[in-house]
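Asks: Residue-level listing of the chains:
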Amino acid sequence: MASRLTSAALVAHTTRLELVVRHVLAGLGQGIHAGRERGSGVEFSEYRAYAPGDEWRRVDWKLLARADRYYVREAERDSHVALWLVLDASASMMEPSRSIPGLDKLAYARTLLACVAAIAQRQGDAFGLVVLSGGRVQFTPAARGPRQLQRVLARLDAAQAEGALPDAAALKSGLRFAGAPALVFAASDFLDFPSPLSEALLRLRHMRHDVRLACIQTEAECTGGFDAGPAYRDPEADDGVFRFGADLREGYLRKREAHFAAVTAACRAADVPLVDARIEQAPGEVLRMWLRQAGRR
Amino acid sequence: MNSLWWLALTTLLLPIWWHRKKRVQVAAEPLASARFLPRTEPRQMRVWRWADVVLLIVRCLLLACLVAWLADPVLPWRGNTVIVAEGTDARWTEQQVQAAGFKDAARLTLPAGAALNWVRAHEREWKPEARLLVLGDIPMPAAVPRFRHALALRTLAKPAAPSEVRVAIGGARAGEWRRMFAALDGPLRVVIEDAPSAKTELIVWDQPGAPPASLRAPLWWAADAAAFPELAKAPGVDGIRYADSARGRVWTSSAWPPADPAAARRLLETWRSLHYAPLPYTAPVRSFAAQANAPVPATAHADGALRDFLMMALAALFALERILTHARRR
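Protein chains in written order, with the numbering used here: chain A, 1 to 297; chain B, 1001 to 1330.
Bear in mind the hints are in silico, worked out from the structure with no lab data behind them. Be careful, since some hints might not be right.
Short derived list, chain A residues pointing at chain B, Cβ under 10 Å [to be verified]:
1) Glu95
2) Lys255
3) His259
In silico negatives: residues of chain B with every beta carbon more than 10 Å from chain A [unchecked claim]:
4) Leu1031
5) Ser1033
6) Leu1037
7) Thr1040
8) Leu1056
9) Ile1057
10) Pro1073
11) Ala1090
12) Leu1156
13) Arg1179
14) Ala1259
15) Arg1272
16) Pro1284
17) Arg1307
18) Arg1322
Far from chain B, some chain A residues (derived; all Cβ distances over 12 Å) [said to hold, decoys possible]:
19) Asp210
20) Asp234
21) Arg254
Even glycine gets a Cβ: it sits at the ideal position worked out from N, Cα and C.
Next comes chain B alone, as it looks inside the complex (with noise of 0.2 Å):
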């Protein structure tokens, strides 16, 4: 798409097309007796000449470079490349570079998550010929990705790292919070507490009368809708109705706490689903074949383009005009 722009060189025609100037010649030898001739007028000679010729140039590098930083070229300069995605296994790396044969090739280490986003990006950094190996947990992508290089995606799973959640947790019936908490698998861990505090990202609100003002979480669970007033007309979903208050947001349901353990699984899968980002899932050993014409992300800026210095040419060649211009005038 970007190659169109330089159909726009067309437009250099203008400039040359402005500054030429048809100059009017009259070429008339002497005659000593042209006294005795009919006077005529005087022949016009077209001479294609043309003008400033220093503002002309100017003026073609200018237009030029304008359409070079539309079509923002890039330098391809990398060749065979390993991406390592974070904190992948330095064994298992070099295991795999080595059968793939990439044993020369240049590393590059990239957030797991952003990998193939990247290379997608930066495809037009890579010389036609360069073969790409992506070694490490890769997450899968929505949609089948499309890369102009060949494209080895080599994965491990890793463990998912655990993450704490402090919980806290009042009123009677704390001990069958506590229990339900306790039940909880996975990777997100449950910490809980006495007494809320700031990094308490959940209370459980579980006794008559209003928590105090100050006492802010980014999520309440409250077994009385009384103590939340903004819970008065708010809209449930599978028996859960919820609303923001200035505390937090508010989930309420009168079948709380959960007497059965298909509910409290429910509850607990409903909070981590709404609260926390889905675990990524790794994606499948897999060869991408190189195919031409995929599409390049209309933003990427890639590394190697020439669009910093054709800005820096554009602003200076502009200036340079301007004073041409004004010179001229003069």
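So that you can see chain A by itself, here it is in the shape it has in the complex (with noise of 0.2 Å):
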């Protein structure tokens, strides 16, 4: 207990992404790696200048004492999957923990997303991001190496949850992938469902990606913990005012399951592995779910 609320809180406390992904990755240990893939290589390429991220063990010694600069060994990949990282950062990601102060949906998403990237950046696998916000599509390319860690880690920390989903044309546009295999880590809430970003999702998986979602939840929705004192609306439609009681919890919950019960079975048609993470959760657990169910594929 006390682990798992020291690794959600630093969520929530620390601005630094870098730190949390160093903090969960270590908790999480070896072993979660799909083993394909040993990030230094068989087949030597190039020497490359070291850049802060580079693993030490890389490093080519005998060169440093030669030329007194750091240099890493860069190795021939056989992998061509690229690794896509795809983010919600609507306005409903703004929904807060209500037990632990300063954690919220969009905060949880982006850690569990750095540390995918991070796993990526040590096996040598190419990754990008897609941040959906605001009914725009950021996009950042695919690439390998510390330098896109730092850019994909810097595109996270500016995601700032804001605005719809972007509709289904801009996200048609948006995640246009090569033909090679990739795979998919979307993190949403998914309280729209279906939605232009499933949809997309799913045709992806058709498409023969490996697509994987985290549907990100707070404690309070799961149970139907709100607070019965003010009145809610949605954060993404301006329709009206909502109200929560104790006599009303039933109902929510049951139209909730329905709704989550949906999501499930269309995921499950598609063969796409869903896991469900509460961002009160320690991010190591279900950081460990999610890979789990991408090895075991």
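Could you fit the two chains together into a complex? Lean on the hints.
Replies: In structure tokens form, the structure reads like this:
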């Protein structure tokens, strides 16, 4: 319980994504890697100047002794798998945790995706980022290496939860991946389902990409633990005021379960793994589940 | 009585009440899963907020000004004062001032007849602890006056100034009339004229025939009533009949000129009392104690009153209020 709280609280309290990622991955330990690709590779390709974030074991020490500069041995890759991170940064992702102050869905999704990016970077995979916010698609092309990790982390950090999801046309042009097989990690609250985003993701699955979804929820959402005092409004639709009370919890839970049953059924039908992530959970657990499903495939 | 107007300050609550605005506020928190909840009416929150604060202030000031104008506040500024009637002997005045210990007091010179009334009307100008000393030939008022300040009245009777009355006498019995007027005593001095002039106040017409139409005087004494047709049906009092004619008021009596001293004295007394103001009677020396509840005449307009200033402020505020109201509607 204590580690779970510290982990989630860390997400809430630090603004440095890199720190969180390091902390989460340290707790994760070894063994989550798919094993197909060991970062250093076998076939030597070239030397590259050291950049912060490179693993020390890949630094060529002999060359350091000779040239007094850090160089990293780049290896030839036999993998062509690209990894795509899709972050839903619509206004509903601003939903805070009702038990841990300062923690919200967006911060949690950001942490998960940053961890996946860091793992991909360690494995030497190319990875790109798609941020869906304010009706627009912000696209970061896939690339390898520590600089790409820095870039992606910066983009994740800069993402603000605002507006609605982009429409189908914008998503179609934004999520146009190369023909090569790709892994797609998408973090969203899936409160809109079916939506242009879900349709785009399922379409990617039909195009034989490996799509994995994380459904970001809060503890209060799952148990109906909202405060009955204030009135509520939908952050993405300006369509009136809603109220909550003990008498309404039953109906709320029933509707919500029906909705997510539909989501799960649609995912199962399309053979898309879906992980339920409560933001009060430690990110490491969720990440392990998310990646394990990937490994099983 | 005036101070009751201050109670009207409660009317200031009216603009304050009218200007307050009940703001409806919907305090709704964002909730991502609100779509699973039933819709409800926006909750209304009542917030007290005042609209158009400048206009509100101007209106409150306007009302306060109006109430103050009605309450007619006066700033007391006079201290111990000696009020001297006009024409009072200066040496006697100094003596009295020294004796009463009013050496450093301010001096005011007023007409003797109006002095006490003036003091009553302006009494709010005096500071509460001020004392007053009134000197001179002050006529005695009909009722005992009451003052809010201690007032000492020291009077010195002055011989009445003689006043001249011009009388024209015409007719054969002029001698008898002259003798009668010569017997008149008192401050009234009769000057006998041979022919009436513009200043003649009484014409004794003791001859047959009507006087010329152009001849006018305030009073005619006609021994022969036939000369004045107005006297034909005139009412009479005490043997004297009287009527108003184009020439002036006419008295007549069949017993004229008076034959005995008593009748002459009665006629002269009647004439003096009806046509000339009575001589004032000098009031006795007296001290009036301060009476806090002494009434102030309702129409009194004291110097040092804020009435004029308040009226100007009222006009300015009214104009300002109209302008602001107009600007707000725009």
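Asks: Beyond 10 Å from every Cβ of chain A: is that where the Cβ of Arg1179(B) lies?
Replies: Fine: 115 Å to the nearest Cβ keeps Arg1179(B) off the interface.
Asks: Say whether it holds or is violated: Thr1040(B) keeps its Cβ farther than 10 Å from all Cβ of chain A.
Replies: violated (4 Å)
Asks: Grab the minimum beta-carbon distance between Asp234(A) and chain B and tell me whether it stays above 12 Å.
Replies: violated (4 Å)
Asks: Taking the closest pair, is the beta carbon of Arg1272(B) still more than 10 Å from chain A?
Replies: Its Cβ never comes within 10 Å of chain A, the nearest being 98 Å, so this holds.
Asks: Going by Cβ atoms, does Leu1031(B) stay more than 10 Å from chain A at every point?
Replies: violated (4 Å)
Asks: Does Arg254(A) sit more than 12 Å from chain B, CB to CB?
Replies: violated (9 Å)
Asks: Compute the least Cβ-Cβ separation between Ala1090(B) and chain A, then decide whether it is above 10 Å.
Replies: holds (90 Å)
Asks: Is the Cβ of Pro1073(B) farther than 10 Å from every Cβ of chain A?
Replies: Pro1073(B) is indeed farther than 10 Å from all Cβ atoms of chain A, at 54 Å.
Asks: Looking at Leu1037(B) again, its CB stays over 10 Å from all of chain A?
Replies: violated (4 Å)
Asks: Since Ala1259(B) was said not to touch the interface, does its Cβ keep a gap of more than 10 Å from each Cβ of chain A?
Replies: holds (116 Å)
Asks: When you look at the beta carbon of Asp210(A), is every beta carbon of chain B farther off than 12 Å?
Replies: holds (28 Å)
Asks: Verify that the Cβ of Ile1057(B) lies farther than 10 Å from every Cβ atom of chain A, and report whether the claim holds or is violated.
Replies: holds (36 Å)
The structure is inconsistent with the numbered hints 4, 5, 6, 7, 20 and 21, although it conforms to all the rest.
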